[in-house]
Amino acid sequence: MTQSYGNELANTLANQSEHLKQELKKHQDRHRTTNEQLTTIKQKIRELQSHQSRKINEIKNQISEHKKKLLNQTEIYQTIQQEITKLEVKKKQLTLQSLQLNDNKQKTNTKTQTKKEANTDLEKRFLSFQQDLKKELNQFQELMENENQLEVIERDLENEDKKAFQLDCEKELTEKNCRIQEIKNFKLVLEPQNTNQEQKKDQGSFSNYHNGIIEYNRLRGEKVALSLHLKKQNKKLKKSKNCFKKKNLEVAQHFNNWKTVNN
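Using full-length UniProt numbering, read the sequence shown as starting at 1 and increasing by one per residue.
Everything labelled a hint here was simulated from the structure, so no lab data went into it.
A quick note: this is a predicted structure, and the numbers were derived from the prediction, not measured.
We treat Cβ as the ideally placed atom computed from N, Cα and C, and that holds for glycine.
There is no bait here: all hints are sound.
Listed below are the simulated DSS-like cross-link pairs for lysine-lysine, each with C-alpha atoms no more than 25 Å apart in a straight line: (1) K67 / K55; (2) K42 / K26; (3) K239 / K135.
Label-pair ranges, simulated between beta-carbon atoms: (4) I76 / L48: 32 to 42 Å; (5) E222 / L167: 13 to 23 Å; (6) H27 / L48: 25 to 35 Å; (7) V224 / N109: 50 to 60 Å; (8) I214 / C243: 41 to 51 Å; (9) K92 / L70: 25 to 35 Å; (10) C178 / I214: 14 to 24 Å; (11) Q113 / E75: 55 to 65 Å; (12) E8 / Q49: 55 to 65 Å; (13) L48 / Q16: 39 to 49 Å; (14) N102 / H66: 50 to 60 Å; (15) Q73 / Q113: 57 to 67 Å.
My request is simple: use the sequences and hints to build the entire structure.
Below you can see the structure in the form of C-alpha cells.
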C-alpha cells in the first residue's frame, strides 16, 4: 500500500514536473516575445526621438527665419511709417500751395479781360510793326542784291547825297540867320523908347513891333527845329553808312566763302 502510494505520488510529481516544464517553456516563449516586442518598441522610440529631433531642429530653424523676417518687416514698417509721415507733411504743403494757387488764380481771372484787351492791342501793334519791318527788310534786301550796288549806294551817300543835303541845310540856315538878324534889327528900331501914353498914340509902331516879335520867335523856333533835324539826318546817314559797311563786309565774306568752296 505504501508502495502504491509512493508510485502514485511519484506519478503525480512527474506529471506536475512536466506541467511545470511546459509552463516554464510557455513563460520563456512569452518572455522572448515580450523582449522582441520591447526591442521593437525601443527601436521605434529611438526612431521617433530622432524624427522628433529633426522636426524640432526644423521648427527652430523656421522660428529663427521667421524672427529674421519679422525684424526685416519691422524695419520696413518703420521706413513706411516715416515715408507716410513725410507724405502727410508734403500733402499739407501741397494743400497750402493749392489754396494759394486758387487764390492767385482768382486774382488773375479778375485781370484777364484787361490783359486780353491789352494783349490784343499789343498784337495789332506788333503785327503792324512786323509788316513795316518786313517792308523795310524787303527794301533793304533789294538794295543789298550784290556787292556793286552796295558800293554805289555807299559812295552816293558819302559824296553826293550827304554833301547836297548839308549844303541845302546850310543855305537854309544862312537864310534863316539873315532873316533873324533882320528881325533883331527891326526889333531894335521898333522898340518903343517913349512913355506909355505916347506909345498908345502910336498904334501903328506898336502893331509892327508886336508882329515883328512874333515873326522873330517863329523864325527862331524854325532855326532850332532845323538844327535838330540836321543833326538827326546826320546821325541817320552815319548809321546807314555803318550798316552798309557791315553788310558789304558780310557780302564779301559770303562771296569769299563761296569762292573757297567752289574752288
